[in-house]
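Protein chains: 2
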Amino acid sequence: MAKPKKHVFVCTQSRPPGHPRGSCGGNGSMAVFQEFLQQFEKRGLWGRYAVTGSGCIGPCGNGPSVLVYPEGVMYGAVSKEDVAAIIDEHLLGDKPVERLKVPAEVWG
Amino acid sequence: MAKPKKHVFVCTQSRPPGHPRGSCGGNGSMAVFQEFLQQFEKRGLWGRYAVTGSGCIGPCGNGPSVLVYPEGVMYGAVSKEDVAAIIDEHLLGDKPVERLKVPAEVWG
Numbered sequence: 160m161a162k163p164k165k166h167v168f169v170c171t172q173s174r175p176p177g178h179p180r181g182s183c184g185g186n187g188s189m190a191v192f193q194e195f196l197q198q199f200e201k202r203g204l205w206g207r208y209a210v211t212g213s214g215c216i217g218p219c220g221n222g223p224s225v226l227v228y229p230e231g232v233m234y235g236a237v238s239k240e241d242v243a244a245i246i247d248e249h250l251l252g253d254k255p256v257e258r259l260k261v262p263a264e265v266w267g
Numbered sequence: 160m161a162k163p164k165k166h167v168f169v170c171t172q173s174r175p176p177g178h179p180r181g182s183c184g185g186n187g188s189m190a191v192f193q194e195f196l197q198q199f200e201k202r203g204l205w206g207r208y209a210v211t212g213s214g215c216i217g218p219c220g221n222g223p224s225v226l227v228y229p230e231g232v233m234y235g236a237v238s239k240e241d242v243a244a245i246i247d248e249h250l251l252g253d254k255p256v257e258r259l260k261v262p263a264e265v266w267g
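Line by line, the protein sequences give chains A and B. The numbers in my numbering rise by one with no breaks, and the one at position 57 of the first sequence is 216. The numbers in my numbering rise by one with no breaks, and the one at position 17 of the second sequence is 176.
Hints are computed from structural coordinates only; laboratory data are not their basis. There's no promise every hint is true.
Since the list can't tell identical chains apart, any single copy or any two copies may satisfy a pair.
To be verified - The calculated DSS-like cross-link candidates involving lysine-lysine, where the alpha carbons are at most 25 Å apart (straight line), are:
hint, residue 1, residue 2
1, Lys162, Lys201
2, Lys239, Lys164
3, Lys254, Lys239
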């Protein structure tokens, strides 16, 4: 694949139920990842943009976590319904979605 | 975790033996990932730098693939022995390791 303009990483780490750190997988990150894949397919974004599942990128307690490079913007508690906004506003519009960003003390 | 100065993604995707696309996992990427983890631990790099295992980042045939953001530099056919150079030259020295970069027609 060509070097993408934006590269989205969706944490798909899972931990056993009841694990004290929780996990993005346990909080529904696979549905978020699948939604990215479907929208990439439907909108023809592959090539210019990329999305990849990843291991732990912290912060686990606020998952599902989604990280977008090259800006290094971390989104927390992302739901399937938020995916279109990340694509429209950040990937295509080049403006990070402020309401979904994790607090600066967590990732700043 | 705090936002890192450099974020290393090591593809740990595996495919069944004989799969036509091959895979980084099949080419020994777990040893590369482990080496990053050990050197991060030994050198106290966590916090300022991050390393994360990831799904497929392409190009599978030239794995193990290692991708460093925010620059978006893609390294191919990385061995355990190359990890120290990536840390010393690129992460700490801010100069990508030219000899390990994939060709521009693959990722450029």
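Results for each hint:
Taking identical chains as interchangeable, the C-alpha atoms of Lys162 and Lys201 lie at most 25 Å apart only when both belong to the same chain, with a minimum of 20 Å there against 32 Å between chains. Proximity of Lys239 and Lys164 under a CA criterion of 25 Å is satisfied intra-copy only: 22 Å inside one chain copy versus 29 Å between copies. In this assembly of identical chains, Lys254 and Lys239 lie within 25 Å of each other by CA distance solely inside one copy; the values are 19 Å within and 38 Å between copies.
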